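Dock chain B against chain A, hints included.
Protein chains: 2
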Amino acid sequence: MASIKPSVPKGTRDFSPAEMVKRNYIFDTIKSVFRKYGYQQIETPTMENSSTLMGKYGEEGDKLIFKVLDSGDYISNIKQQYDVFLPILTKLTNNAFKAANIPGNEADREYWTNTGETFSVVKQKWIAKEIDLPELLRLLEINLKVLNINPDDLGLVPTELGFESKKTTSAISEKALRYDLTVPFARYVVQHQNEITFPFKRFQVQPVWRADRPQRGRYREFYQCDADVVGSDSLLNEAEFILIYDEALTKLGLKDFSIKINNRKILSGIAQVIDKADNIIDLTVAIDKLDKIGLDGVIKELLEKGFTDADIDKLKPVILLEGNNTEKLASLREALAQSEIGLKGCDEIETVFGYIERCPLQTAKLELDITLARGLNYYTGAIFEVKTNEVNMGSIGGGGRYDDLTGMFGLKGLTGAGISFGADRIYDVLEELNLFPADSNQTTQVLICNFDKDGELYSLPLLQELRRNNINTELYPAGAKIKKQMDYANNKNIPYVVVIGGDEIQTSLLTFKDMTSGVQEKLTADEIVAKLIQ
Amino acid sequence: MASIKPSVPKGTRDFSPAEMVKRNYIFDTIKSVFRKYGYQQIETPTMENSSTLMGKYGEEGDKLIFKVLDSGDYISNIKQQYDVFLPILTKLTNNAFKAANIPGNEADREYWTNTGETFSVVKQKWIAKEIDLPELLRLLEINLKVLNINPDDLGLVPTELGFESKKTTSAISEKALRYDLTVPFARYVVQHQNEITFPFKRFQVQPVWRADRPQRGRYREFYQCDADVVGSDSLLNEAEFILIYDEALTKLGLKDFSIKINNRKILSGIAQVIDKADNIIDLTVAIDKLDKIGLDGVIKELLEKGFTDADIDKLKPVILLEGNNTEKLASLREALAQSEIGLKGCDEIETVFGYIERCPLQTAKLELDITLARGLNYYTGAIFEVKTNEVNMGSIGGGGRYDDLTGMFGLKGLTGAGISFGADRIYDVLEELNLFPADSNQTTQVLICNFDKDGELYSLPLLQELRRNNINTELYPAGAKIKKQMDYANNKNIPYVVVIGGDEIQTSLLTFKDMTSGVQEKLTADEIVAKLIQ
Numbered sequence: 001m002a003s004i005k006p007s008v009p010k011g012t013r014d015f016s017p018a019e020m021v022k023r024n025y026i027f028d029t030i031k032s033v034f035r036k037y038g039y040q041q042i043e044t045p046t047m048e049n050s051s052t053l054m055g056k057y058g059e060e061g062d063k064l065i066f067k068v069l070d071s072g073d074y075i076s077n078i079k080q081q082y083d084v085f086l087p088i089l090t091k092l093t094n095n096a097f098k099a100a101n102i103p104g105n106e107a108d109r110e111y112w113t114n115t116g117e118t119f120s121v122v123k124q125k126w127i128a129k130e131i132d133l134p135e136l137l138r139l140l141e142i143n144l145k146v147l148n149i150n151p152d153d154l155g156l157v158p159t160e161l162g163f164e165s166k167k168t169t170s171a172i173s174e175k176a177l178r179y180d181l182t183v184p185f186a187r188y189v190v191q192h193q194n195e196i197t198f199p200f201k202r203f204q205v206q207p208v209w210r211a212d213r214p215q216r217g218r219y220r221e222f223y224q225c226d227a228d229v230v231g232s233d234s235l236l237n238e239a240e241f242i243l244i245y246d247e248a249l250t251k252l253g254l255k256d257f258s259i260k261i262n263n264r265k266i267l268s269g270i271a272q273v274i275d276k277a278d279n280i281i282d283l284t285v286a287i288d289k290l291d292k293i294g295l296d297g298v299i300k301e302l303l304e305k306g307f308t309d310a311d312i313d314k315l316k317p318v319i320l321l322e323g324n325n326t327e328k329l330a331s332l333r334e335a336l337a338q339s340e341i342g343l344k345g346c347d348e349i350e351t352v353f354g355y356i357e358r359c360p361l362q363t364a365k366l367e368l369d370i371t372l373a374r375g376l377n378y379y380t381g382a383i384f385e386v387k388t389n390e391v392n393m394g395s396i397g398g399g400g401r402y403d404d405l406t407g408m409f410g411l412k413g414l415t416g417a418g419i420s421f422g423a424d425r426i427y428d429v430l431e432e433l434n435l436f437p438a439d440s441n442q443t444t445q446v447l448i449c450n451f452d453k454d455g456e457l458y459s460l461p462l463l464q465e466l467r468r469n470n471i472n473t474e475l476y477p478a479g480a481k482i483k484k485q486m487d488y489a490n491n492k493n494i495p496y497v498v499v500i501g502g503d504e505i506q507t508s509l510l511t512f513k514d515m516t517s518g519v520q521e522k523l524t525a526d527e528i529v530a531k532l533i534q
Numbered sequence: 001m002a003s004i005k006p007s008v009p010k011g012t013r014d015f016s017p018a019e020m021v022k023r024n025y026i027f028d029t030i031k032s033v034f035r036k037y038g039y040q041q042i043e044t045p046t047m048e049n050s051s052t053l054m055g056k057y058g059e060e061g062d063k064l065i066f067k068v069l070d071s072g073d074y075i076s077n078i079k080q081q082y083d084v085f086l087p088i089l090t091k092l093t094n095n096a097f098k099a100a101n102i103p104g105n106e107a108d109r110e111y112w113t114n115t116g117e118t119f120s121v122v123k124q125k126w127i128a129k130e131i132d133l134p135e136l137l138r139l140l141e142i143n144l145k146v147l148n149i150n151p152d153d154l155g156l157v158p159t160e161l162g163f164e165s166k167k168t169t170s171a172i173s174e175k176a177l178r179y180d181l182t183v184p185f186a187r188y189v190v191q192h193q194n195e196i197t198f199p200f201k202r203f204q205v206q207p208v209w210r211a212d213r214p215q216r217g218r219y220r221e222f223y224q225c226d227a228d229v230v231g232s233d234s235l236l237n238e239a240e241f242i243l244i245y246d247e248a249l250t251k252l253g254l255k256d257f258s259i260k261i262n263n264r265k266i267l268s269g270i271a272q273v274i275d276k277a278d279n280i281i282d283l284t285v286a287i288d289k290l291d292k293i294g295l296d297g298v299i300k301e302l303l304e305k306g307f308t309d310a311d312i313d314k315l316k317p318v319i320l321l322e323g324n325n326t327e328k329l330a331s332l333r334e335a336l337a338q339s340e341i342g343l344k345g346c347d348e349i350e351t352v353f354g355y356i357e358r359c360p361l362q363t364a365k366l367e368l369d370i371t372l373a374r375g376l377n378y379y380t381g382a383i384f385e386v387k388t389n390e391v392n393m394g395s396i397g398g399g400g401r402y403d404d405l406t407g408m409f410g411l412k413g414l415t416g417a418g419i420s421f422g423a424d425r426i427y428d429v430l431e432e433l434n435l436f437p438a439d440s441n442q443t444t445q446v447l448i449c450n451f452d453k454d455g456e457l458y459s460l461p462l463l464q465e466l467r468r469n470n471i472n473t474e475l476y477p478a479g480a481k482i483k484k485q486m487d488y489a490n491n492k493n494i495p496y497v498v499v500i501g502g503d504e505i506q507t508s509l510l511t512f513k514d515m516t517s518g519v520q521e522k523l524t525a526d527e528i529v530a531k532l533i534q
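Chains as they are written, first to last, in the numbering used here: chain A, 1 to 534; chain B, 1 to 534.
One chain only, chain A, in its complex shape (with noise of 0.2 angstroms):
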């Protein structure tokens, strides 16, 4: 094993200084919008029962959730439920020959009898603690079905042993890992419900696990950075998110990109005015591929879809939108005059826009996109969607508003509003760019490098001074050559070195460097500290 060059699992990553630096940068700076705007931090644990997360992600979902082992639970649970199993156990050992109803020749006997020990070996084990109560579970569930005894038949409640598969699974594993911060934050506001002041508006930062098939740019553990508002159908709060969008990016450097705003109410209502209200994943799933796909395409994909062409008809205009935001939204009340859900949400769409013309934008471009139609199913006003146009690259943040979003915890009626920003992709947008700022405060400013232990001592009033004025400062401990401390304040990329040397101390003229440019100075320790603290 110890020749064995150590990895970590697939799918996850280690992060070095260097890029917690600008993962910092990030986080940080989106961060401190959100509290700009008033959203509060929490934190939930990396674990969740397994009853909150499975069935909230559908099937497919599901099964990407990881589930953690309860090793610990029967490890301090042994006793007693070495108590618990002893006499069930007996009863088994005992019973398992009668209640195995097979023909009653010798040779079978003779089987069943060795076969019952099977039990017995169990049993001793047990006793023994040589297995764990998933392998009791395991050894004694097999034995029975190989032996085709109904546990019922042992006259013991089935749910005591604990045989059925599903009670199996949930006694060896009730833990899983967090698979996305909203169903955790779902958790959270119901169990916290009488502390929580509505409206609630929370962030969180935190990583998220999917046993998902690694692949480029999809990982198996990576951090999520959500904000959500519940308790406010407000549409101020679908205008911050806006707002935010455009603040953090502008923030973090970006000169282009758009934000996309639709509603699934205008897609409600344009499904209801082709009379295909029944109809409408079919027609968002498929109108979701313009981009992709073409004007084309969608109609090859509606027509087999069951749509006609009178329906295509009445649809093309609304797809091939064109204009400002309010000329498509002038189109689109024409085109919705019948549907008063539809009219809704324009006049959502509307209110937003108000808002953010009283909220002038940045950088962002704000556009009214009725093609977005992501996560159709959950969200129930606004969609948003962010793409940067200066990087060919997916979506960099999306939202949208949500009715009901503890309705699966048993509280109903809280609307809630949400926004997300990918921040694997925006680190991969700000290294495309080059737009991760080159000095950090999280970095080594200055490097003492020094000759022998006397250049070390001497070092050492500079070094507290340095510090004091907050410069994060280093002392290259004595006994190493000045090429490997260079080396080291080169990789570290220390901006500036003090050199310590005999002809320094004896002058108390020290050499000051500074690393980028490559201009040496001899300054005093008093000079170095006014220079570099300006």
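Treat the hints with caution; some may be incorrect.
Same chains, same names: a pair is fine if it fits in one copy or spans any two.
[Unchecked claim] Cross-link-like lysine-lysine pairs, in silico, DSS-like; alpha carbons within 25 angstroms at most:
no.	residue 1	residue 2
1	Lys22	Lys10
2	Lys316	Lys300
3	Lys492	Lys481
4	Lys5	Lys412
5	Lys292	Lys276
6	Lys412	Lys484
7	Lys328	Lys387
8	Lys56	Lys5
9	Lys453	Lys344
10	Lys251	Lys31
11	Lys387	Lys31
Just so you know, the hints here were simulated from the structure itself, not pulled from any lab data. Model, not experiment: these values are computed from the prediction.
For chain B alone, coordinates are given in the frame of chain A:
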């Protein structure tokens, strides 16, 4: 399920907004000090390969590691596994009868045919994808066990089947949750050794998981906060760890705390001079308890462990070392005069004290404490422990020097030293001493209240202006009673409220209320901005 109030797994916690502000305050303070001293942040994945973690924490520790099921692996690879296992299953079905070497009467043959068919059933289930890989392995393994068939007799390579229990376990669970930050750090250093510039000074603040029995102050998920340096044997590092503790805890407001220091070499020396080098563990375990059980208790324990009265006579003056650090060191040198390693330990401590004399501590008391034996098997040089003297609380930090951190992964000869802050305990200390700052840039500073849509719209320019000046500001959405808005401000501890009603709109004089003092005044929007950014 909907009616069951959701909860978190035992031993885990949600952190509310108020708690997050306080936790961030602690972590941000410690991180800023780590950075000031040249330590760089890394992050490692939550899950490590089981082989990375297992066997590193002793038998008891291994049991407390949370194992993660490989749900993802066998789902994404199900087709591939199906292909691998199908021929094996066919072989099994055909050979089971032949391989079961039992007396050949008809009834037996009949039984075995039936039993053999359980393999067919398993095979059918596998083909129908009704069972997954762990379930398949389980059924096969138990079938063979019950039938007393040795897999070897089937002409199959056992590893091909993964039938050994250990193999099955590792097929189900190849990953586990990080148990501490030290082993992942060692793994990181070995894996990335070619990218790292040594000495490598890294810090890491991430949660870890232990399947321990939860109790007051002991959690199954908790953050560790570690700084380590590898690749430098300079005692400057030890001195800087003391300075880091001093600066971070001073910044956090602690007024009276002790940094205790010892050295493993001194403990070795003590054992050596009484000729009990082999009993060093017994010796140090006993004297480590001096605080709790007193000198008589320590002597009793030592006598029980086979130490003689003569040993005790020699030990007494060492255990009861008195005076200041210089006096203690002098006494120790005398007592350890015959032990080379003991004197080396004294030299090391003296060197560290020498650095600290030149870089005086702000608050901490530095105490030589030879009863300190924390993590003895691990540390090879300095041993640290930090305690507050203001509150009755266990240690709030600890660490030391260790040789060969990375030896477990095959990279020999790297020496290192590290410290850790006990964040949860520091939280409790600050809470008890009321040391958390009242104001925070993480919370909302101003709430703008309004009576209706007009007030809401009128508020927007002020809202924008305050945010432009980096003041965290919220506008309460129109339509709520003013009482509800004030409650919101109070519950969120928002220090300032601006109220905008009809009068305010008409006169342009807004009501500005200091929520702490209760003082209310009429100010223009510009005056409010000026007041808040000063």
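Evaluated hints:
| no. | hint | verdict |
| --- | --- | --- |
| 1 | Lys22 with Lys10 | within (23 angstroms within a copy, 35 angstroms between copies) |
| 2 | Lys316 with Lys300 | within (13 angstroms within a copy, 93 angstroms between copies) |
| 3 | Lys492 with Lys481 | within (17 angstroms within a copy, 56 angstroms between copies) |
| 4 | Lys5 with Lys412 | between (52 angstroms within a copy, 13 angstroms between copies) |
| 5 | Lys292 with Lys276 | within (24 angstroms within a copy, 78 angstroms between copies) |
| 6 | Lys412 with Lys484 | between (65 angstroms within a copy, 21 angstroms between copies) |
| 7 | Lys328 with Lys387 | within (20 angstroms within a copy, 67 angstroms between copies) |
| 8 | Lys56 with Lys5 | between (39 angstroms within a copy, 16 angstroms between copies) |
| 9 | Lys453 with Lys344 | between (77 angstroms within a copy, 18 angstroms between copies) |
| 10 | Lys251 with Lys31 | both (12 angstroms within a copy, 23 angstroms between copies) |
| 11 | Lys387 with Lys31 | within (20 angstroms within a copy, 33 angstroms between copies) |
Checked against the numbered hints listed earlier, the structure breaks none of them; every hint is satisfied.
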